[in-house]
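Protein chains in written order, with our numbering: chain A, 1 to 557; chain B, 1001 to 1127.
Hints are not guaranteed to be accurate.
[What the hints assert, rightly or not] Calculated pairs, PhoX-like style, for lysine-lysine (alpha carbon to alpha carbon, straight line, at most 20 Å):
(1) A:K370 - B:K1045
(2) B:K1022 - B:K1114
(3) A:K464 - B:K1011
(4) B:K1022 - A:K372
(5) A:K372 - B:K1115
(6) B:K1003 - B:K1114
(7) B:K1011 - A:K430
(8) A:K443 - A:K417
(9) B:K1057 - B:K1068
(10) A:K372 - A:K430
(11) B:K1045 - B:K1092
(12) A:K325 - A:K293
(13) A:K130 - A:K98
(14) A:K464 - A:K482
(15) A:K443 - A:K464
(16) B:K1040 - B:K1011
(17) A:K358 - B:K1040
(18) B:K1115 - B:K1022
(19) B:K1057 - A:K464
(20) A:K358 - B:K1074
(21) B:K1092 - A:K358
(22) A:K67 - A:K53
(23) A:K445 - A:K482
(24) A:K464 - A:K430
(25) A:K152 - A:K116
(26) A:K293 - A:K268
(27) B:K1092 - B:K1068
(28) B:K1011 - A:K370
(29) B:K1003 - B:K1045
(30) A:K67 - A:K98
Think of the hints as simulated: they come from the structure by calculation, not from any bench. Since the structure is predicted, the reported quantities are computational estimates derived from the model, not experimental observations.
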Amino acid sequence: MIINILLVADFIVLAIVMAWYIFRTLRERAYLRTRLSQSMQLQQKVYQAQVLKEISERIGYSLDTTKVVEIITNSLGNLLPYDTVSYMLITDNSAVFKCHVENSVSHEFIEEVKDKILMAFSGILNLDVKPSRFDESVTGNLLDDNVRVGVKSYFNLPVFIGEKLVGVINVASGQFGRFGENEASILYTITNQAALAVTRLQGVLRSERGKLKAVIDSITDGIISVDLSHQLLVANPSVREILEIAPAKSSEVSDITMFDIVDALAGKTDLRTKIDQALAEDKRIFVPDVVLKNRALEINITPVKNEIGEKVGANVVFHDITTEKSLEKLRQEFTAMMVHELRAPLTAVRWSSESMLKNLAQATGSEPGKVKDTLVTIETASNNMLELVNDLLDVAKIEAGKFELNSQEYDLAEVAKQQVEVFKPQAEVKHLALSLSSPEKLKAKFDRIRVSQVLGNLISNAIKYSDSGEIVVSLLVDEANKRVVVGVKDTGIGISREDLPVLFSKFKQLKSGDRSKKGTGLGLVVSKGIIESHGGQIWVESPGENLGSTFYFSLPN
Amino acid sequence: MAKILVAEDDKLISASLCDALKSQGHEATPAYDGEDAVAKAKEIKPDLLLLDIMMPKLDGISVLWELKSNPETKGVAVIVLTNMGDMETISKILEAGATDYLLKSDQSIDEVMKKVRDVLSRDIKLS
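Start from the sequences and build out the full structure, keeping to the hints where you can.
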């Protein structure tokens, strides 16, 4: 009985020990399983990180989609057992297909891979993708049609850059079950992260390019950039305007071409040759005076090098010098006019004095009347010349800011009255009435000689440009604006609308210029300078040609 | 003694030219613009025209064309007075049918009178 009891007790102990043992083993196993899975996860992470690092290092800053996909493809190939690794890129209607063969497969195998990739494209894009053109290349081991094995396992990795599907990477094998879901998902992550990095880089670059483009587009000079084969890389909007290239007919093809540019300059300068010259001589080429239909240009061609000093192309800047040229032309015309205006009285003085000397020598010109006439000619010519030279001197002083005034308080009414009296005889010769409308006294502070000069100039112009009617000089006080205003109104030839704004400028070109009325127009330039030095204003009003005009000037009061 | 028309818009130059011509015994008539010059040429049929280029209403070259295309005035000898000494203007002047030209400010009145004498005597020889 006791033995029985002991046996039972032993059995119980044994059972307990065994149960404990089993329990321990199970617990240990569970623990080990957890540990194992943790270490696997860690391994996967390390593996993923390594692949990513490798890919990103190899991608560097490349934004060339083909290159990026190629790098990813090659990296995947190193990490997996496979028979072929391929990628396909599709743009518009053409596709690029590259395949690396690790173990010999048949042509059929490759075709199968292609179909699988196209199916992936069609599936992702939800449309039937059938490129009309294939650019294919197969590298690695030779194809062998005796290997009668089809694609047994494969996976496709779509590569998105930004929102756009740029390509599909395919890894294929002739054996079943080569690629587990786990591996595929890791590779998805890798590809996505690589693509994301590129997307970000593209974004940064796009924003930088955007900034640069905004700067280039806002420049008024025309700027283009070309590569070594004269392909146009950059052209800002000013190019079209400066080169007078007609806007594109269709809005879809608004981009300017190198052909447009070369064509616009045809017969003026051979841009391509100049670019080649700049590249060959490795120096800036300057083309000074290219005259197009409505514009004159300067062209600067500068060779462009990359970071390692290789020539990669050239930048061309088209600078519009139309304004400079027209100013230069005006200046030349002005000089020519001045010379002409000075020569006329000089010739008269010279010829008159020569004739008089001759007549005196021959004692035939002894008639006092004739001598007097000749002397009058000489005197008038000399005065005209002196006036001209004085005006020129005044303009020079005004422009140099060295115009000095001797302002004191005077009676403007008295000054005006005096000038009207001076010009009465000239007005009478042309049967013009010259009158003054003014308060009894009008005190103001001004340079008496200079303001008399302005008044004289305006009255003399009024006489010169009127053939009939009257000239009225009027003075009034503009209390609201604390100034006195002098007006000289005539019934003469008037001033056309387009001439009004240029009347007081030195290099003026009157559209309706009447050459019968001699004069340089410097009088008005000087008058403007004098009045503005007083802090006043000078202006003109005219209803139009042949409708008379009124010149005004104001002086602060 | 010849009938000479002086087409010159600058009154002072015109006066000194006319003075000089008169003291040489010629009959000098002034015209102060291009249209006036054409009208007076037709009216008085001068032996010689002294013609300025830069004139109002009608420039000297147009006057020349007009006179040369009219049978009545075709034979008038013309000396063009100009300040524009460039070859282009000069060839244009001679092409238009001027007998001779002279640069105003480069010549003395004596030289002008000599040219007048030359052209008049050449003209007489020709006719």
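* Do the alpha carbons of K130 (chain A) and K98 (chain A) lie within 20 Å of each other, as the hint requires? -> holds, 17 Å
* Sort out whether K464 (chain A) lies within 20 Å of K1057 (chain B), counting only the CA atoms. => Roughly 17 Å separates the two Cα atoms, so the pair holds.
* Asked: Under the criterion that the straight-line Cα-Cα distance not exceed 20 Å, is the pair K443 (chain A), K417 (chain A) satisfied?
  -> holds, 14 Å
* **Hinted pair K370 (chain A) and K1045 (chain B), Cα distance within 20 Å** => Violated, because 27 Å separates the two Cα atoms, which is more than 20 Å.
* Asked: Does K67 (chain A) pair with K98 (chain A) here, judged by a C-alpha cut-off of 20 Å?
  -> holds, 12 Å
* Asked: For the pair supplied as a hint, K1092 (chain B) and K358 (chain A), is the alpha-carbon distance within the 20 Å limit?
  -> violated, 34 Å
* Pair hint K358 (chain A) and K1074 (chain B), alpha-carbon separation not exceeding 20 Å -> violated, 34 Å
* Please work out if K464 (chain A) and K482 (chain A) have their alpha carbons no farther apart than 20 Å. => violated, 32 Å
* Distance restraint between K1003 (chain B) and K1045 (chain B), which requires alpha-carbon spacing of 20 Å or less -> holds, 8 Å
* Is the straight-line distance between the alpha-carbon of K1011 (chain B) and that of K370 (chain A) 20 Å or less? -> Distance ~16 Å between K1011 (chain B) and K370 (chain A) Cα, so the pair holds.
* Asked: Holds or violated: are the alpha carbons of K443 (chain A) and K464 (chain A) at most 20 Å from each other?
  -> violated, 30 Å
* Asked: Under the criterion that the straight-line Cα-Cα distance not exceed 20 Å, is the pair K358 (chain A), K1040 (chain B) satisfied?
  -> Violated, at about 30 Å.
Checked against the numbered hints given earlier, the structure breaks hints 1, 5, 10, 11, 14, 15, 17, 20, 21 and satisfies all the rest.
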